[in-house]
Amino acid sequence: MSKPKYTIAVTGLNAIDSPGPGLAVIRALKDSKSFDVRIIGLSYEALEPGIYMHDYVDKTYQVPYPSAGQEVLVERYKYINAIENIDFLFPNFDAELFNYIALKERLLNDLGIKMSLPTQEQFEARHKVNLYEYGKTHEIKVPFSQMIFSTAEIPGVAANIGYPLVIKGKFYDAKIAHTAEQAQSHFNKISAEWGLPVIVQEFVHGSEVNVCGIGDGEGVTLGAVPMRKLYITDKGKAWAGITLDDEKLMEITTDLVKNTMWNGPFELEFMKTDKDEYYLIEINPRFPAWCYLTVGAGQNQVEALVNHEMGMKVEPFENYEVGKMFIRYSHDMIVDIKEFEQISTVGEL
Amino acid sequence: MKIRKNVAVSDSGFLFNPLTGDSFSVNPIGQTIISSFKENKPESEILENILEEYRVDKNTAEKDLNDFKRMLENYKLID
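First to last, the protein sequences are chains G and B. Heads up: the first sequence begins at 1 in the working numbering, then just goes up one per residue. Heads up: the second sequence begins at 1 in the working numbering, then just goes up one per residue.
Treat the hints with care, since some could be wrong.
A few chain B positions that, by computed beta-carbon distances, are all more than 12 Å from chain G [stated by the list, open to error]:
# : residue
1 : Val7
2 : Asp22
3 : Ser23
4 : Val26
5 : Leu51
6 : Lys58
Derived Cβ-Cβ restraints for the label pairs, each shown as a range [stated by the list, open to error]:
#  : chain 1 : residue 1 : chain 2 : residue 2 : range
7  : G       : Gly69     : B       : Glu73     : 57 to 63 Å
8  : G       : Asn188    : B       : Lys76     : 36 to 42 Å
9  : B       : Ile78     : G       : Gly347    : 28 to 34 Å
10 : G       : Ala240    : B       : Tyr75     : 17 to 23 Å
Far from chain B, by Cβ distances over 10 Å, these chain G residues were calculated [claimed, not checked]:
#  : residue
11 : Lys30
12 : Phe123
13 : Ser207
14 : Arg228
15 : Glu339
16 : Gly347
Just so you know, these hints were derived from the structure itself, not from any lab. We put the CB at the ideal spot given by N, CA and C, even for glycine.
Here chain G stands alone, though its shape is the one from the complex (with noise of 0.2 Å):
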């Protein structure tokens, strides 16, 4: 039987050092089994690593900035599809996915892009701000975190929760605070980034261990892979990982997925105590950069959700290997400047 081919838009380009998982979700489309596939990708600066790297991605248009507004966005992917006839789009970017799951039901039914979202509701219960009351709903532990608007809210929270304290943009950055001036250093830093509120969270002592999986929006978990970073950067990004056998932290997902009816695909990240207490310090609602790494371990999560939303039956994956690891690396590229040129001013390449 031959396969399909699907023609699959990504978003996420950025394989810098702190990379978008853009790069990974493609590689695992690429290495699909049950479908071909051409990839579109989606930039937002001419930059971009992943717009130059021809062998993974067939051709890039720029995008507008989620600021631009969700009309203009439509505007841009009615030019996009007109010539590229898209089934099926990642977004995989934070910030953007508020405009994309406000525009799924339109993208689908005017222009046919299939895209696999978290609900509304799904997407803001589990936003850094309200993750706290979200552990308290499902009965998982969380670490005490309050959003403020200024420094001088700063002294009120840390007599509640003490230092260290870990200061958190809204969508991205997170910094620990030893005393009051790091963490209005740290607040003034993130604020002028991200912009306001900025969370204040309880710092949990521990590792951090992660799960990468995918809900299939009727309580199912249909893949799930638990890593535990064994090289962080500066950024705290993980440069390598490792999965893990870990049941409780698997009990824990599942559960999670089944409470929430979770729909698409997620990270969960943890800090696990020496108590061998999980802490839930985050809930990302997309596939992360290191998702290239469940394909090594035998779950082509992608792949699978994939096929999951293009309608057909999708068997949840059964296990994993334990102790695949994943090592990231950089590579120079030479580019030459007509290709910059290009998606520099037509916008396309």
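Guided by the hints, dock chain B onto chain G, whose structure is given.
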């Protein structure tokens, strides 16, 4: 003393704990002790084997075995 299930030790003395993702290198005597614990051998027998195999007095061997057990505990390699 029971070594945690799934903790694997290779012939080269490389030890991997799949629960935590930690890995270690152990020398031949450490490897023998871990294998003996995995086979549920009593500590008295392990100590006896060490005394037979190595030129060491009983007190030192006992103390070193206890230190090694504590290390296994600290690294969460035993149940």
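Consistency of the hints with the structure:
no.: 1; hint: Val7; verdict: violated, 10 Å
no.: 2; hint: Asp22; verdict: violated, 8 Å
no.: 3; hint: Ser23; verdict: violated, 8 Å
no.: 4; hint: Val26; verdict: holds, 17 Å
no.: 5; hint: Leu51; verdict: holds, 35 Å
no.: 6; hint: Lys58; verdict: holds, 34 Å
no.: 7; hint: G:Gly69 / B:Glu73: 57 to 63 Å; verdict: holds, 58 Å
no.: 8; hint: G:Asn188 / B:Lys76: 36 to 42 Å; verdict: holds, 40 Å
no.: 9; hint: B:Ile78 / G:Gly347: 28 to 34 Å; verdict: violated, 60 Å
no.: 10; hint: G:Ala240 / B:Tyr75: 17 to 23 Å; verdict: holds, 20 Å
no.: 11; hint: Lys30; verdict: holds, 27 Å
no.: 12; hint: Phe123; verdict: holds, 30 Å
no.: 13; hint: Ser207; verdict: violated, 7 Å
no.: 14; hint: Arg228; verdict: violated, 4 Å
no.: 15; hint: Glu339; verdict: holds, 40 Å
no.: 16; hint: Gly347; verdict: holds, 43 Å
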